[in-house]
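Turn these sequences into a full structure, and let the hints guide you.
Taken in sequence, the protein lines are chains V and A. Every letter in the first sequence is one number past the one before it in the UniProt record's numbering, and letter 254, counting from 1, is 254. Every letter in the second sequence is one number past the one before it in the UniProt record's numbering, and letter 181, counting from 1, is 181.
Keep in mind that the hints are not guaranteed to be accurate.
Copies of the same chain look alike in the list, so a pair counts if it fits in one copy or across any two.
Straight-line C-alpha distance at most 25 Å; calculated SDA-like pairs for lysine to any residue [what the hints assert, rightly or not]: (1) K265 to G248; (2) K265 to I150; (3) K265 to Y216; (4) K282 to S316; (5) K280 to A206; (6) K123 to D40; (7) K123 to G383; (8) K265 to E224; (9) K378 to Q367; (10) K265 to V26; (11) K91 to E53; (12) K142 to Y261; (13) K265 to S340; (14) K282 to E255; (15) K142 to K265; (16) K265 to S221; (17) K123 to R284; (18) K265 to G212; (19) K282 to L349; (20) K378 to G365.
Just so you know, these hints were derived from the structure itself, not from any lab.
2 protein chains.
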Amino acid sequence: MHADLLPASGSSTHISVGDVVTEAGVTIPDVQLKLFAYYDATSADPNYADFSEGPEPGLDVQDRPVLLIEHALTGDGNLADWWPEMVGPHKPLDTTRYLILCANVLGGCSGSTGPGSTHPDGKAWGSRFPGISIRDMVTAEKALLDTLGITHVQAVIGASMGGARTLEWTLMHPDYVGAALAIAVSARASAWQIGLQSSQIRFVEADPHWHGGDYYETGESPAEGMGQARRIAHLTYRGELEMDERFGVDPQRGEDPYGPYRGSKQRFAVEGYLDRHADKLKVRFDAGSYVTLTDALNRHDVGRGRGGMNAALARSEVPTMVAGVDTDILYPWHQQEHLSRNLGDFIGLSQITSPTGHDGFLIEGRQMGQILQKFLLKAEHIGRDARG
Amino acid sequence: MHADLLPASGSSTHISVGDVVTEAGVTIPDVQLKLFAYYDATSADPNYADFSEGPEPGLDVQDRPVLLIEHALTGDGNLADWWPEMVGPHKPLDTTRYLILCANVLGGCSGSTGPGSTHPDGKAWGSRFPGISIRDMVTAEKALLDTLGITHVQAVIGASMGGARTLEWTLMHPDYVGAALAIAVSARASAWQIGLQSSQIRFVEADPHWHGGDYYETGESPAEGMGQARRIAHLTYRGELEMDERFGVDPQRGEDPYGPYRGSKQRFAVEGYLDRHADKLKVRFDAGSYVTLTDALNRHDVGRGRGGMNAALARSEVPTMVAGVDTDILYPWHQQEHLSRNLGDFIGLSQITSPTGHDGFLIEGRQMGQILQKFLLKAEHIGRDARG
Chain V
1 MHADLLPASG SSTHISVGDV VTEAGVTIPD VQLKLFAYYD ATSADPNYAD
51 FSEGPEPGLD VQDRPVLLIE HALTGDGNLA DWWPEMVGPH KPLDTTRYLI
101 LCANVLGGCS GSTGPGSTHP DGKAWGSRFP GISIRDMVTA EKALLDTLGI
151 THVQAVIGAS MGGARTLEWT LMHPDYVGAA LAIAVSARAS AWQIGLQSSQ
201 IRFVEADPHW HGGDYYETGE SPAEGMGQAR RIAHLTYRGE LEMDERFGVD
251 PQRGEDPYGP YRGSKQRFAV EGYLDRHADK LKVRFDAGSY VTLTDALNRH
301 DVGRGRGGMN AALARSEVPT MVAGVDTDIL YPWHQQEHLS RNLGDFIGLS
351 QITSPTGHDG FLIEGRQMGQ ILQKFLLKAE HIGRDARG
Chain A
1 MHADLLPASG SSTHISVGDV VTEAGVTIPD VQLKLFAYYD ATSADPNYAD
51 FSEGPEPGLD VQDRPVLLIE HALTGDGNLA DWWPEMVGPH KPLDTTRYLI
101 LCANVLGGCS GSTGPGSTHP DGKAWGSRFP GISIRDMVTA EKALLDTLGI
151 THVQAVIGAS MGGARTLEWT LMHPDYVGAA LAIAVSARAS AWQIGLQSSQ
201 IRFVEADPHW HGGDYYETGE SPAEGMGQAR RIAHLTYRGE LEMDERFGVD
251 PQRGEDPYGP YRGSKQRFAV EGYLDRHADK LKVRFDAGSY VTLTDALNRH
301 DVGRGRGGMN AALARSEVPT MVAGVDTDIL YPWHQQEHLS RNLGDFIGLS
351 QITSPTGHDG FLIEGRQMGQ ILQKFLLKAE HIGRDARG
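Structure, rendered in structure tokens:
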């Protein structure tokens, strides 16, 4: 391993991974991925023995098992930011025992090459950025790990779009991956997901500030379309029971949605909540990336070119655990059951019970932490067996 | 009853019901509702005895029990058009035994007064049309029945937005209604529904052809925004299992959503399906009515001004049956269970089992027919008991 290429623990760096040729045949030259790495030295915490079956703490970084964490659609490589309860010293993703890597995806907007990046001609890629698949993202990540000189990862872990990449890792590079945990995901996009996701793409495209995807040099951005997409997306990420408990039919403070005339400034509380989420995403996320990654989710299908979905899963050789959320409407529980029945080397199914829906893997820290610990012990045992 | 005011059986007429004052205090002058009526003479069908516990067939219209059917959001008074398996001679809504009435709602666009109707000043109401509630629709319908000289209805039956009106009928006019069947509806809008519905309103409002609701004289109409709203709405009306069985990840015929570059003309089959539904609605439904009725669904709350939702249901004096669809995500089954636990005079709960989701009440004709027959026998017995 070229440990000298790693950023300091908890920080990030850009890694050049060379050209990436997409599944559909387009070359993206000189791809960069922004990588975060976590590998703290052992601390003197006296409560440290609670994970004693795991890998030895405090090893030099090149001797540590590698965990590759795959972020979701609007996540990024900054794992400690979006999964703070899971990662750190003595947390489930224990930074004193593992070398933990998390990279922003190909097509993203958090430091990796995407539609908003600079094309070799000096302008933004914009509409010239190709359609990419989940597999193309994995292709770029494999090139990243090769660049780092990493020859094996103990486990790949991801939820939602990260779960889709996790499944593709097991099918594209089975010898490279010791074990996998796919969370809140399916073997392929469902028609219902494609319907929702393609609608979101259209909201962005319908915004006149989109300029066909080439808005970067115009000084405008399709914030309104992004907001519309995010409101709908967020409604599929959350459970209706949880939202109803929080907001019910309450009006937004100081507004009256029951007045004599309907008005866009007379909102229900849930509208104010969705507006806040929409406003946050408009600022922090590039519309071109949102469209590109959403399209990649539409293209997700482990069966493409592999004789169909179940044939592909059956040939999977990587021990894989599956988890999901009971109230998820975007990736309903039956999809996780489907994976569990068809994966070639299935090692367990865990359910997060929560009213929150799909986002349960981000919200239910205690349950998610238990699932990660259970999985990581399995992965460690599998790793020991493999090392003989 | 003023039978002379009724249209011929199977046809429609406009009825003037006078001014309607909305719950929020706005007067809509000279409201008209478009009414369909069904009251066939007895036919000579020899298979006719299968409903022998029901009301006597072939009575003169003024002697028949009245059934009031309440249509859903984009339905209308033309009951035989949207519920063809349910209504007709010897069908569950037996046109030889009942006088069956179905009127387009206040705010609608199928012949009743709504935003697209002519204001007293000669231009369209447009943005001047007030916000209306489910209760305001019932107010107009009660004025319609009063105009017809009808003093009692044997049953009110409705699904979805029609179910919301059905519940309000039982609370606003308990002495007038013999029994009620509320299908695929809840006691009030949920936060999740409001989130989805308010998003749909915004799609229409964001279309530059909306012109603040006053597009009627511009020669333009917000068809694009309506299409966006319809695509999302349709995804909440259908079950993901059924959609996935039909479309999966298939491409639209002749298009390639897996190509090197994403393109709006390279669609999945499910996108083509949603586009067809969007295109149909754009043509047949007025955007102003869509916004007004969607807003009315947001305002649906049987508890408003009645001491809360469960207190209102507990005081209900009309024998009420509840039905729903097991896979409905828009009005989930737990909402029908909630009604069944809280209604003051609850007479039964029936479940349509179907992969189709909310639209099951339109699609699963055999199951829906059985529920109607079961309910109508209950209503007939209740009516006989009341008549002594």
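- Violated constraints from the hint list, given by number and in increasing order: 2, 4, 6, 7, 13, 15 and 19
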